[in-house]
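Asks: Input sequences plus hints: build the corresponding full structure.
These protein sequences, in sequence, are chains A and B.
Note that the UniProt record's numbering has the first sequence beginning at 1, numbered continuously upward.
Note that the UniProt record's numbering has the second sequence beginning at 1, numbered continuously upward.
Calculated directly from the structure, the hints in this document are not laboratory data.
One should not assume that every hint holds.
For chains that are exact copies, the list does not tell them apart, and a pair is met inside one copy or across any two.
Once the Cα atoms are required to be at most 30 Å apart in a straight line, the calculated DSS-like pairs of lysine-lysine come out as [stated by the list, open to error]:
#, residue 1, residue 2
1, 78, 186
2, 180, 131
3, 78, 31
2 protein chains.
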Amino acid sequence: MTEPIEVIVAGLPGNMATLVARQVAAAPDMKLIELGLSKRAGITRAGKYTVLQVMRRYYREVLGKHPEAIVVDFTAPKAVNRNAQLYVRTGHPFVMGTTGGDREALISTVRGSNVSAVIDVNMGVPLVVLKAMVEWASKQFLGALNGYRLSITEDHQANKLDTSGTALAFKDLFSRLGAKLTGKIKSIRDLEEGHGYHWFTLRSPDGTVVIELNTKVEGRLVYALGTLAAIRFLHQRVQEGSVGEVFTMTDVISARKEA
Amino acid sequence: MTEPIEVIVAGLPGNMATLVARQVAAAPDMKLIELGLSKRAGITRAGKYTVLQVMRRYYREVLGKHPEAIVVDFTAPKAVNRNAQLYVRTGHPFVMGTTGGDREALISTVRGSNVSAVIDVNMGVPLVVLKAMVEWASKQFLGALNGYRLSITEDHQANKLDTSGTALAFKDLFSRLGAKLTGKIKSIRDLEEGHGYHWFTLRSPDGTVVIELNTKVEGRLVYALGTLAAIRFLHQRVQEGSVGEVFTMTDVISARKEA
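Replies: Written out as structure tokens, the structure reads:
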């Protein structure tokens, strides 16, 4: 029987970190370490596990006790770089869904190390598929939709202050295809927690063709499931001897051609 | 000044052939030959041109008078193979949007010849972009959306008897991604002429993620414009010495990497 993959969760008791801990607890091929990395002391319940939240001054000790574990990081923008440096020093491969920080420094921290990592700002598999395919088309068919008009509406929870990163990313990709945004991105904010909707509409210059791409995500489960896929992928790669490699979710979900 | 591209239209007075003739007539870089290939005698008016419809027994003569012309073929399934054989014998590169016939024989007719051709069942640029990108994803991310449920609705004019080929093609592509059709493709038929709508909806197993891809095409202009892009592409390739090559619309709209 294969040993379960040991997972340490950083960022407890945050929403994403807690949800990931619960999914790890429920996964038959994983073992949740009952010490989690946190900004504040406390406990997080995750299925059959009770995770003790350990504060920064004990991080090294926790990591040292579990040399084989993979760390999942859903913390805060300002923790991104120092967390990565720590994982590299203690030799822990990690999956990082946390946004912000100095991304270039983050990548070079991993590239120069003995540790590999999956780093992405969007862990949701269907959204990664969509973005990757539009990105491919934007290179393959540069300007093919010249003159097309693009409209974008996005809807997120009320406490989201900035424009959706997904909306901005697709705006750029469609723009390379030739479809330019008319007006501004329309942002709707409402009280429902943890949802994300996007409507992208492309119209031909003469109005006879309309293409719509819409995404609706309720809650965060899709991101947690993507994170578990990333953990399995990273574990596999580490078993195969991967060091110093930075993977994205696109790598995680790419069909293994070499198999 | 560059010489205009000479274009002979086959399939007059069919809807697509007539529309293409009109667009060629209006294109400053093209010259419509005033003899068109047809099943029956007659005339077709296309902008400043009056095209005389010439029947099969005179095809060779017409083609012989215009050795530099590109032929555009929107005829009938049963004419596909013998038309291609004729164009090859008379040395005319051709753009064929006609469906049906023996497609393998069609391709080998061109491959063994001194003539290159653009052959595709869908000449609409935005639809080619969408299909190509989903096709790419279906290979790159084989099974990434395992467990997702797919629903498809398509809407075409009342006299369309079979299920939309676009709907069937996308069903297969999404299926390779892991999303299986639940139930059947829903086909709506109504009286409006020359429209094609498709709604593809993907739902995650837990229902928290919904992805929609919708296409709405009114009329045939988008296909005629794609045909003109194919003529320009083929002309360029022939100038560069292309012989015996079969191109698709995906080739036509691919950004020229070598440029």
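Asks: Determine for every hint whether it applies to the structure shown.
Replies: Okay, the hints, checked on the actual structure:
| no. | hint | verdict |
| --- | --- | --- |
| 1 | 78 - 186 | within (29 Å within a copy, 51 Å between copies) |
| 2 | 180 - 131 | both (17 Å within a copy, 21 Å between copies) |
| 3 | 78 - 31 | within (28 Å within a copy, 64 Å between copies) |
In this structure, none of the earlier numbered hints is contradicted; all agree with it.
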